[in-house]
Amino acid sequence: MAANTAKDPLRPGKAFASVFAILIGLAWVFPVYWMFSSSLLPNMTLTSSTPTFFPFGGSLANFEAVFAGGTFFTALRNSLVVTLLAVAFCLLFAFCAALAISRYKFKGRTSFVLAILFIQMLPAEGLFIAQYKMMSSMNLLNNVIGLAILYTAAVVPFTVWMLRGFVAGIPADLEEAAMVDGCTRTQAFFKITFPLLAPGLVASGVYAFLQAWNEFTIALVIMSEESVRTLPLWLRTFIQASATRETDWGQVMAASTLVAVPVIVFFLIVQGRLTSGLVAGAVKG
Amino acid sequence: MAKQTAATAPALKPPQVRLSKINRPGRFTPYVLLVPAIVVLLVALAYPVGWQIVTSLQHYGLKQQFGQPPEFVGAENYLSIFSDVQIWAVIIRSILFCLVNAVLTVVIGVLLSLLMNAVTKTARLVLQISLLFAWAMPVVAAMTVWLWLFNWHHGVVNWLLGDSFTGHNWLEDPLSFFMVATIIVVWMSVPFVAFSVYAGLTQVSGEVLEAAQLDGADGFKRFTNIILPMIRPVLMIVFLLQIIWDLRVFTQIQMLQDAGADYTSTNLLGTFIYRTGVGAGDFGMAAAMSVFVLILTMALSAPYVRSLIKEEG
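Same order as they appear, the protein sequences are chains A and B.
Quick note on numbering: the first sequence equals residues 1 to 285 in the working numbering.
Quick note on numbering: the second sequence equals residues 1001 to 1313 in the working numbering.
Keep in mind the hints are simulated off the structure, nothing from the lab.
Mixed in with the good hints, there may be bad ones.
What the hints assert, rightly or not - When the alpha-carbon atoms are kept at most 27 Å apart in a straight line, the in silico DSSO-like pairs for lysine-lysine are as follows:
| hint | chain 1 | residue 1 | chain 2 | residue 2 |
| --- | --- | --- | --- | --- |
| 1 | B | 1221 | B | 1121 |
| 2 | A | 14 | B | 1121 |
| 3 | A | 107 | B | 1310 |
| 4 | B | 1310 | A | 105 |
| 5 | B | 1221 | A | 14 |
| 6 | A | 191 | A | 105 |
Unchecked claim - Stretch-level coverage of chain A by chain B, calculated; a stretch enters the list once three of its residues show a Cβ under 8 Å from a Cβ in chain B:
| hint | segment |
| --- | --- |
| 7 | 95 to 102 |
| 8 | 119 to 130 |
| 9 | 146 to 155 |
| 10 | 213 to 222 |
| 11 | 232 to 240 |
| 12 | 247 to 254 |
| 13 | 262 to 271 |
To be verified - Here are some chain A residues the structure puts well away from chain B; computed CB gaps all over 10 Å:
| hint | residue |
| --- | --- |
| 14 | 55 |
| 15 | 68 |
| 16 | 190 |
| 17 | 191 |
Using N, Cα and C, we set each Cβ at its ideal position, and we do this for glycine too.
Using the sequences and the accompanying hints, generate a full structural model.
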């Protein structure tokens, strides 16, 4: 199909479709643009009767106000601790498991693979009640470590599945060749396979990061105290406040921008791998 | 692959000792490697599932919170789920919402992927980058922006719709509440579908399409007879995933409710369980509802897992 489109000069039909596609693209990205734009404008401008579509003369005053509030940095610290712990645990555990299922044949291998595929589909919404009771009985409510453990368990299954593909993609022959040349099994692994796996580990790590950073449901249930709120919960408080009193939407948009920017950057890096990981089988045909 | 090497290797005459070491690693190594993952899954997921099943068979309300032992009541919680009109309303609302959203997402996603395929390189790039941004937005940040867009005093949506919508509150009426929720969920979900289906479309052979065109097949016929059968596997998977994901939609509903909507008429399964359990302290009922959601999801997931396994070969 690509050949077909490349051959033709610009036909009217194609030109029309292209303009249409650009318009749809602009409409689709508008909410994201609106977040950035509003974050730069003072509340006075935002609440005037006609919207201001371009943030000319905007300033970073909203961001300064958010920083000055102080609660942002507490939430940022909580989010960073929970996310980094979850990513570290998750990579370590998932890497070991991926190694086991792609490099060894053993009894129970198929059952394990099946189990993680099913577990990966378990919805947080069907589990949080029990997790809440469990955390409360273990005195881990409002505890960043407790939340990090739940996040690790939530992300490990897909990460195992993702890493398994990367490990399987590196031929075991390479390791064996190194062993023939005199490396021990461990040396062969760390000198040959591990460096080749780096992209896979990065992709899986970023995936785990995005999941933990964005997670809302479990955090809402487990972390009720203000001092342990993660960024998504912190952002929610602005919305709750908006139900009862006049909101400074410029500040809310600045806050949202602060939460969204790292995610957008990371997401753009790993996007291709995530899509192919989810539907690879079906596309290959 | 390891087996193959083992069969051909001796002919190369390398040191025999090492090779046998390769083929006989520690018998317990794989199990040891699996331990950390299995432990964390058992603690954080398996135990809660077990607790939930047990609790769903008990009266576990506020009294039990204060130390009274729970009373075993068998299937009573499940029976009351299916005899409570309000819960039925939540279940039916959730299923309807899920189906409408999944169908809309897949249809719009397919249309956009066809559009990507039919336009110039620049236009395609603009569309793809826009979709990527929408996809990358964290759900909570996306919710705040949409609430700002639909804000009744100063929102852009009301301004665009003109004078008669000035001060219109979208969250007041359940139907328009769910319309807003649908717009948001579809906006977030379409990029995944569009990119997946577009990846499938690029596999469709241009020659076959050209041949069909020469044989007189118009655009619609080429779509239904050639393109659709080729992308059917992708379509089935993304549709299934959308159904599973839209059934458990929680954050969006919760945050729309936070912004000032009536709970009882807008609860879906997730928010209903949250309010029944964490809110009202009725853990027996909440657990029974959760088990119901888990069973529903597992049943829906089976075909997806099967397709992943099949790809494994």
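Query raised in the report: Which hint numbers doesn't this structure obey?
Result: No hint contradicted; all consistent.
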